[in-house]
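Undergrad: Below, each chain spelled out in residue letters.
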Amino acid sequence: MSNAQTQSATDERIKSRSKFREALIRPELGGIVGTVAVFVFFALFAFDSGMFTSKGVLNWSQVSAQFMIIAVGACLLMIAGEFDLSVGSMIGFAGMMIAIFSVTLGWPVWMAILVTFAICLALGALNGFIVIRTGLPSFIVTLAFLFILRGFTIYFPQTIERKTIIGGVKDAAEGDWLAFLFGGKILTGFFSWLGDIGLIETFSRGSREGQPIVDGVPMLIVWALVLVVFGHVLLTKTKFGNWIFAAGGDAEAARNSGVPVNRVKILMFMFTAFCATVFATCQVMEFGSAGSDRGLLKEFEAIIAVVIGGALLTGGYGSVLGAALGALIFGVVQQGLFFAGVESSLFRVFLGLILLAAVILNTYIRRMITGER
Amino acid sequence: MTEDTTFHHGDPAPSKPLIEMKNIQKHFGSVIALAGVSVNVYPGECHCLLGDNGAGKSTFIKTMSGVHRPTSGEILFEGTPMSFDDPRDAIAAGIATVHQHLAMIPLMSVSRNFFMGNEPVKKIAGIPFFDHDYANKVTMDEMRKMGINLRGPDQAVGTLSGGERQTVAIARAVHFGAKVLILDEPTSALGVRQTANVLATIDKVRKQGIGVVFITHNVRHAMAVGDRFTVLNRGQTLGTAKRGEITQEELQDLMAGGQELATLEGSLDGTV
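So the protein sequences, as listed, match chains X and C.
Quick note on UniProt numbering: the first sequence kicks off at 1 and runs consecutively.
Quick note on UniProt numbering: the second sequence kicks off at 1 and runs consecutively.
Think of the hints as simulated: they come from the structure by calculation, not from any bench.
Mixed in with the good hints there might be a few duds.
Stated by the list, open to error - The calculated DSSO-like cross-link candidates involving lysine-lysine, where the alpha carbons are at most 27 Å apart (straight line), are:
| # | chain 1 | residue 1 | chain 2 | residue 2 |
| --- | --- | --- | --- | --- |
| 1 | X | Lys239 | C | Lys179 |
| 2 | X | Lys237 | C | Lys242 |
| 3 | X | Lys239 | C | Lys122 |
| 4 | X | Lys237 | C | Lys179 |
| 5 | C | Lys123 | X | Lys239 |
| 6 | C | Lys123 | C | Lys137 |
| 7 | X | Lys239 | C | Lys137 |
| 8 | C | Lys145 | X | Lys239 |
| 9 | C | Lys123 | X | Lys237 |
| 10 | C | Lys179 | C | Lys123 |
| 11 | C | Lys16 | C | Lys137 |
| 12 | C | Lys62 | C | Lys207 |
Isolated chain C, as found in the complex (with noise of 0.2 Å):
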């Protein structure tokens, strides 16, 4: 169980990078996705991936997630070469993905969901059942560390809301000894309140020393939790900065390639 990986407890992040994507590119056909970007996670830290639309954030962690292969780079996870011929492989090395839809199934409930593909068997009679008692108690356990309260683990999924939903994404992947967590716009489709718990909840897992991505295109939701902040823009790296360098509103400027933005805010008064 990763219950006990306090290791890391708010020290400053170790000299080892969890994972290093170098100069990455990839191209579809003649479409350039990304032109050489390079990131590296350490243990404990939240890296916040921002970026507008298109800005090829999606493509970059689908290549350190297994799904895409890069054209050309290199990714070296805890210091070893590694190339992902699927998402499967990743998954085994210890990076996992939430993403923002596709994480749960509401039908099913919490314990259903949170064992899925990974189901613990208890053996009666030579016949491999699904122990439900183990899978019950680990997922209300579990659960309750985030700061949910259910019903019962037997509560279908779909009666939780959006946020509780992402938590529950992201204390499975935590409870199947994820190192590298990958958070796919967990905040985008949740109210205030919601947002707030996700991003406790990152906060949560980084304490456990687990190296989170943190992919998002709100600029308050990766200043309240990132440690370094690294912004994409048509396929480039824009630079990385860590926290307390940079402000809110550089950030923002940045994402939106500087310029235009600058003009377009004067006229809305800087509500943007």
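Bound-form chain X, shown alone (with noise of 0.2 Å):
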């Protein structure tokens, strides 16, 4: 072909950007600077409250924890153009299922844990098969599950139990295995090591006299770094990855192109439904009990934390690893004003405040990126 002289290195039309700028624009950009924001907020304003301690740093890494479990499946969702409203009723569902399967029914609990997350996943199935094949916004049918979750969650421990409380998981759970995945703690002989130089504070007096305060990382944070990991793997680096944008940036495109879209959207209501799921059991785990009110506005927490995190509302774009700064970002506020001592009412303020600033700063980044008007 005969376009030797189109060969030629640059257009100039096309401004050079710095190597600096190009590594500054990305999706995450909110998110980084809306962390960092945070923590100097509070390394300046609450830097003695103990939220620095190693059981202050564990408070509110286990919160942040939670953010993050459930906001990687609605990030993922979201990208592929869909909501799920149904995470925070699925989380009191999951939970109480799981009570109700080893306690009331005396399944051993990795049968009760196992159980579940197939219930829970054929229940996003579902919900992304409705999605689907009445092409109904995923907003309105999640929402049905909402109410039709948190009904059954009530109803099932009235009608067997005659209370909305479940408790003695614990006690059903001591030695399974699969209930340790999930309640138990891992790292403790290092952190006993670290107890012992002088690293991190130890109890001074009682019986744990000598033992590390913080004894270990609980399983909760090490699923969300493992979720955090696989998603942003799964989007950015696979096949799959690509066709999760696709069918969220334009679904018809997508098909055109032989991109399985039907399938890519029912498989992410179902890792949805998975992450709330795991959220469940960990909460349920660390309780010992399950109760009727679990998991109250969770979907909007989780649907929050993806946006602080650069995500567009209407799907096609977005990031795990930003979503992942947003649950961050969400844990660190909601327990720095705690330390700090700040009423406790004003957290909501704070957050309407940083969600703004967030969309702003992303609505921003993004037009620059993807070149919107």
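With the hints as a guide, bring the two chains together.
TA: If you want it as structure tokens, here you go:
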């Protein structure tokens, strides 16, 4: 072909951009800026409050990890162009199922957990199937499931046990291999060594004198990190990730190019349900009980974390790392204000302001990247 | 890769058509959208399909690309009868359609768009990963061939102009082995300069031996690149003419059904 002249390196109409700018302009930028701002803020105003002691760090890490687990699912689903408002109810429902199976019915805990996962994945698939088949907005379909699942979560324990909280899961889970995967702690040896050499605080009196106050990393945090890494790799490094972007960016164009859009969307609904069930299982194992009101409003918290992380509400754009940072901001702010002794109702004010600022910044960044007007 | 499919370089069209559509009829209930249309496309030619709105152009190309099944009539692809159940069959056979819209996803990068649905895979520890290095390299090469200089393969399609997007879509279809390329009004929403770029792209594609079906209702765009011209009117072919056998005015008249436009044109001093 005779286009030697066009082979020449650059086009004079393309402005050159510095490497620094290139590296800076990415979907997670809003989340990174927000994280830095939040940590600087609390380091300045709440440093002596105990927020940055080992116990304080564990506290906000755990809260952030909870947000992260559901944010990863919500993020991938949102990029695929759909919402799931039933996440919070799913958390309550899954927890209740585990408690009913293991305590009321006396099943081994591992079996209760596996059956609950199967039920919740099936519910996620049903959500997706209804959305695909009817063409209704997922907002409406999953809103229906928000009520349906919450209703059952209250109805079952009421009829079976005449109460809304089922306890005793901790005893049932004693020594169960699968329960450890959700309620256990790892690196306990490492932490007691850290305590011995004096790097982290230890109890100075009582029966646990000499043991570290923080005696390991809860599996909840491990799950959060694993899910974030998994979600990030899936989205950015695999073929399936490209399909997720395509399905959310323009389903029709994706279908024209041979992307199995329906399969992608249904699988993402199932993944969101999976994340909600992981959240629920960790929570039930930690508290040793399941309550009818667990997980209330979690769907919105997940969506807020995802949006702070730079995802577009209409789909096709976003980042799992950003969503994870959004969850971290969320957790640090919520717990940080508590440590700083700020009236807890102001948390909502703070959250609203962060959300607004993040979305404005993200919109600006996204326009730079995608050329939207 | 289709990189070296440079046969038929400027040769006259060989004798065997790539695709033959014989006496195609398509009825939607009581509406006769196509009443017996016959068109064939040779390798390395640009066959322009002209017609006013409602002439049946869209129905016809949808039949060709497997979206609709013809009510009656025969489709021969490289000499053998074909019946496409859905667009994927047609794509697998080598019939690619580039739609005016719905071709590219603006939020995604050029290279992600280019390989959408055909992602290259590289196995690391048995797990298949999207081979971004390969995808980026091929995308940059193919874009350069088409005369588009990207800032980088990760540049979002949204930052490209309408003409460039059409070109990316065409380059993609060619790269993935299209033998017949259907372009559905690729120039209708474009400015002068961008239209010229797309027409130049069509010319490059044709020279690689691909049969191009160019749907338009702009006679001047058709005249610029077309080898043959078929005019559709009210679901029927008004005939196929070769380049040089027909003038722009004659085509225009055929498209509009002759008479009325001639009168209208008179009152507009020949500006249509």
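Undergrad: For the pair supplied as a hint, Lys239/X and Lys137/C, confirm whether the alpha-carbon distance does not exceed 27 Å.
TA: holds (17 Å)
Undergrad: Taking 27 Å as the top limit, are the C-alpha atoms of Lys123/C and Lys239/X close enough?
TA: OK: Lys123/C and Lys239/X at ~12 Å, within 27 Å.
Undergrad: Would you check the hint for Lys237/X and Lys242/C, treating anything up to 27 Å between C-alpha atoms as holding?
TA: violated (50 Å)
Undergrad: Please verify whether Lys123/C and Lys137/C have alpha carbons no more than 27 Å apart.
TA: holds (18 Å)
Undergrad: Is it true that the CA of Lys239/X sits at most 27 Å from the CA of Lys122/C?
TA: Satisfied, since the Cα-Cα distance of roughly 10 Å is no more than 27 Å.
Undergrad: What's the verdict on Lys123/C and Lys237/X, does the C-alpha distance respect the 27 Å limit or exceed it?
TA: holds (11 Å)
Undergrad: Is the Cα-Cα distance between Lys239/X and Lys179/C 27 Å or less?
TA: holds (26 Å)
Undergrad: Would the hint linking Lys16/C and Lys137/C be met if the CA-CA limit is 27 Å?
TA: violated (35 Å)
Undergrad: Is the hinted pair Lys145/C and Lys239/X satisfied, with a Cα-Cα distance of at most 27 Å?
TA: Roughly 26 Å separates the two Cα atoms, so the pair holds.
Undergrad: For the pair we were handed, Lys62/C and Lys207/C, check the Cα-Cα distance against 27 Å.
TA: holds (25 Å)
Undergrad: Is the Cα-Cα distance between Lys237/X and Lys179/C 27 Å or less?
TA: violated (31 Å)
Undergrad: Lys179/C and Lys123/C were given as a pair; does the straight-line alpha-carbon distance stay at or below 27 Å?
TA: At roughly 30 Å apart (the allowed maximum being 27 Å), Lys123/C and Lys179/C break the hint.
In summary, the numbered hints that this structure violates are 2, 4, 10, 11.
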